[in-house]
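A.B. asks: Build the full structure now, drawing on both the sequences and the hints.
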Amino acid sequence: MSTPAHIDQKKIVVFASGSGTNAENIIKFFKKSPNTSVVAVFSNKRSAKVLKRAHNLNVKALYFDKDALYNSYDVLHILEDINPDLIVLAGFMWIFPEDILKKFPGKIVNIHPALLPKYGGKGMYGMRVHETIIKNKEKESGISIHFVNENYDEGEIIFQAKTDISEEDTPESLAEKIHKLEYKHFPEIIQQLLQKKSQ
Numbered sequence: 001m002s003t004p005a006h007i008d009q010k011k012i013v014v015f016a017s018g019s020g021t022n023a024e025n026i027i028k029f030f031k032k033s034p035n036t037s038v039v040a041v042f043s044n045k046r047s048a049k050v051l052k053r054a055h056n057l058n059v060k061a062l063y064f065d066k067d068a069l070y071n072s073y074d075v076l077h078i079l080e081d082i083n084p085d086l087i088v089l090a091g092f093m094w095i096f097p098e099d100i101l102k103k104f105p106g107k108i109v110n111i112h113p114a115l116l117p118k119y120g121g122k123g124m125y126g127m128r129v130h131e132t133i134i135k136n137k138e139k140e141s142g143i144s145i146h147f148v149n150e151n152y153d154e155g156e157i158i159f160q161a162k163t164d165i166s167e168e169d170t171p172e173s174l175a176e177k178i179h180k181l182e183y184k185h186f187p188e189i190i191q192q193l194l195q196k197k198s199q
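Numbering (our numbering), first residue to last: 1 to 199.
No lab work stands behind these hints, which were simulated from the structure alone. Check each hint, because a few of them may be wrong.
[To be verified] DSS-like cross-link-like pairs, simulated, lysine-lysine; straight-line CA separation at most 27 Å:
hint, residue 1, residue 2
1, 137, 177
2, 139, 103
3, 107, 66
4, 45, 11
Just so it is clear, the structure is predicted and the values come from calculations on it, not from any experiment.
C.D. replies: In structure tokens, the structure reads:
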């Protein structure tokens, strides 16, 4: 018996600027799903490893520059053609322009490697976050998954998960702990958000 053609297919688009391990994890997670898939990966860096990872997993990989995002409607028009159910920022370093935020309200989410509102904002990304947290002798850190608005890391928080920091932890060992939380929770929260939209 074949699967009915009318089943509502959910489409995810991922934006990433770097290596793309989170993006790859999300793609692989939804490859097991009968009704949800990552249909495209966008990157603002031509040399970003995430484009190669997407290509290797048979997902459309697209590079764009600042002009395409901020000074024209090129990226917006591609997104309109795809009409994704969710746009996921997984290590994407640029602020999203107002035209895309307005076109996809409540459909753009980001993950941040700290417990917002602490250690967020412009310049706080990647190892910089972990180095600052270790330097400040914090006892815990974690991840924050939040909706995206016009400011860095200030959108409504959807989910947080925590991890303890020991005196032996370094920025590198903390990064490993945070990656584990990201890999475990980010795909699950994306799935939950899409299920809510279906209800």
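A.B. asks: Which numbered conditions among the earlier hints are violated in the structure presented, ordered from lowest to highest?
C.D. replies: 2
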